[in-house]
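*Asks:* On the provided structure of chain A, position chain B as indicated by the hints.
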Amino acid sequence: MNYAMGLAAVLSAAFGLAAPLYAASEPETVAPISINEGEIELATEAEAPAHLNGALPKIWSGWLFRDATTQSMQMDDFENPAMVFVDQGLDLWDQPDGAEGKSCADCHGSIDDSMKGVRAAMPKMSEDGTDLWSLENFVNNCRTTRMGAEAWGWSSAPMESMTLAISMASRGMPVDVAIDGPAQSWWDKGKEIYYSRYGQLQLSCANCHEDHYGDWIRADHLSQGQISGFPVYRLNGAGVVSIHERFFGCVRDTRAEPFAQGSPEFRALELYVSSRGMGLPVEGASVRH
Amino acid sequence: MNINLAPVLAVLTALAGGTAAAAAETPPAATVFEEDGSIAQSLSGAPGDPQAGRQTMEARGLGNCYACHLVEATPDIQFMGDIGPALDGAGSRWSAAQLRGIVADAKHTFPDSMMPSFYKSAGFLRPGEGYTAKPATEPLPPLLTAQQVEDVVSYLLSLK
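Going line by line, the protein sequences match chains A and B.
Counting from 1, position 15 in the first sequence corresponds to residue 15 in my numbering; the numbering is continuous, with no gaps.
In short: position in the second sequence from 1, add 1000, done, that's my numbering.
Simulated from the structure, these hints should not be mistaken for laboratory data.
Where hints are given, some of them may not hold.
Covered stretches of chain A (in silico footprint by chain B; criterion: 3 or more residues with CB under 8 Å from a CB of chain B, positions within the stretch not fixed) [what the hints assert, rightly or not]:
| hint | region |
| --- | --- |
| 1 | 193 to 200 |
| 2 | 215 to 221 |
| 3 | 253 to 260 |
Pairwise CB distance ranges (calculated) [to be verified]:
| hint | chain 1 | residue 1 | chain 2 | residue 2 | range |
| --- | --- | --- | --- | --- | --- |
| 4 | A | A31 | B | P1075 | 30 to 40 Å |
| 5 | A | L235 | B | P1075 | 24 to 34 Å |
| 6 | B | R1060 | A | T70 | 21 to 31 Å |
For each residue, glycine too, the CB sits at the ideal point set by N, CA and C.
Next comes chain A alone, as it looks inside the complex:
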C-alpha cells in the first residue's frame, strides 16, 4: 500500500465515523448582543437542546458569525436599519383593513402585550389542530376570517413588516416550540428535509450549518443556520427577509428546485430548524449581511 492509498483508507475510515474530519469551528467569543448601551442584552449562546442528541456542542446566534460592522448595526436601535420596517408593522397594526373595517389593535389591543411570546413559539399547530402554521398563516387567517381582508403574500412587504413587529414583542424570550403530540410528525419531516442533499450540488442544510459552521465558503462565514433572529434585515439585498425566503435562496443555491414559500415542506423545516435553536433568545429586529 503506497502513501496515497494509505491516506485514502484513513480518510475513508474517518468519514465513516460520526465525528466529521473537517470539524466546524466554534466562535472566538460568545459575548451577548448589547443593545442601546446595555439597556437590552441578548444571549448569543445556549445549551444544545436534548433532542439534538449531541449533533451540536452548543447553539450560537448567527450574529456571532458576522463581521464587527454588521454586528454593531444591531447594537443600537436608532442605527438598526430593520427598525424602519418595525415602525411600518406597528402602523399596519393600528390600521383598519378589509370589509369589517377592523385593525389588529381593535381585537388584540397593544401589540407588546397581546403578541408577547407569540413569535417564540412559532411555528405551531393551527387552532383546529390539523395543520402546522407559521406566523404568516396566523396573520393571514386573521385577515381573511376576521377582518374580511385579502391575504398578504408570504414574503410581501406588509407581511414582513408585520411579522417583524410581532417578533419584537418576543425580543429576549427564548425560542420554545412544541415538537411533540400532533407536531411530532411535522418535526420528523422537517428533520428529514434538513439532512437531505438537494440539487446538482447535493448539499443538505447539515453539510454547511451542522458540519461546517464557523468555516468559510469564499468570503461567507457559515453560521449554524439558526432562525432565532428572523425575520432579518439583510444588507445583501437591503431589505427584510423571511424565514422561508432564506430557505428558498439556500436550496436554490444548491442548483435545486426549492419548495415554495409557505409550503408544508418549508413549514416542517421551519419547525425543525426552530427546535435546533430552543433556548436562544428571539432577537426581534436583527441584522445580517
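*Replies:* Just chain B now, with coordinates in the frame of chain A:
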C-alpha cells in the same frame, strides 16, 4: 496532373479527429470508478492542460474550487475557503487516476464527502436549472466537461 488535395485532406483530418474525440470521450453515465474511487483512463481521451485547469478551478461558474479549498502556492487568489483540505502537495499524495476520481465524483473515494460531483449527470434530488430555482430534467450537463476535469487533474498533479 496537378490536383489540389488540400481541401480533401482537411476534410479527412477533421473527420478523423472528430471521430477519435467522440470515441475516446467517456460520458458521465459510462464512467467506471475503480474500487478505491479512482478512474484509470482520461475522460476526454486527451491529456489535460494545467494552466487551463487552474482557470477552471478559479472560475466561480465552473470549478469554484477555491470556495472550499486553500492553495498556499497561489496567494493571489482572494477569499479561499477552508471547508475541504488544502490542495498543496496534492500531486505528491495522489495519482492521476485517484485525482480524476475525486474531481469527477469524490463520493466514490469518500462516501460522505460534502464535495459536489463535477462529472455526474443524474441521480439528484429536486435538480434545478442552474441557480434559477426552476426544475430541470435529467440528464443534466455535468458541472465540468470531460476535458475540464482532465485540465484540473493536470493542475493538481503539478502541486507537488
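*Asks:* Determine for every hint whether it applies to the structure shown.
*Replies:* Going through the hints against the structure:
Interface restraint, the region 193 to 200 of chain A with chain B: holds (5 residues with C-beta to C-beta distance below 8 Å; minimum three). Note: the region 215 to 221 of chain A has 5 residues with beta-carbon separation from chain B under 8 Å; the three-residue rule is met and the coverage holds. Residues of the region 253 to 260 of chain A with a Cβ under 8 Å from some Cβ of chain B number 6, which satisfies the need for three, so the listed coverage holds. Look at A31/A against P1075/B: about 32 Å separates their beta carbons, and that is inside 30 to 40 Å.
L235/A and P1075/B have their C-beta atoms about 28 Å apart, which keeps the hinted 24 to 34 Å range intact. R1060/B and T70/A have their C-beta atoms about 23 Å apart, which keeps the hinted 21 to 31 Å range intact.
In this structure, every one of the numbered hints holds.
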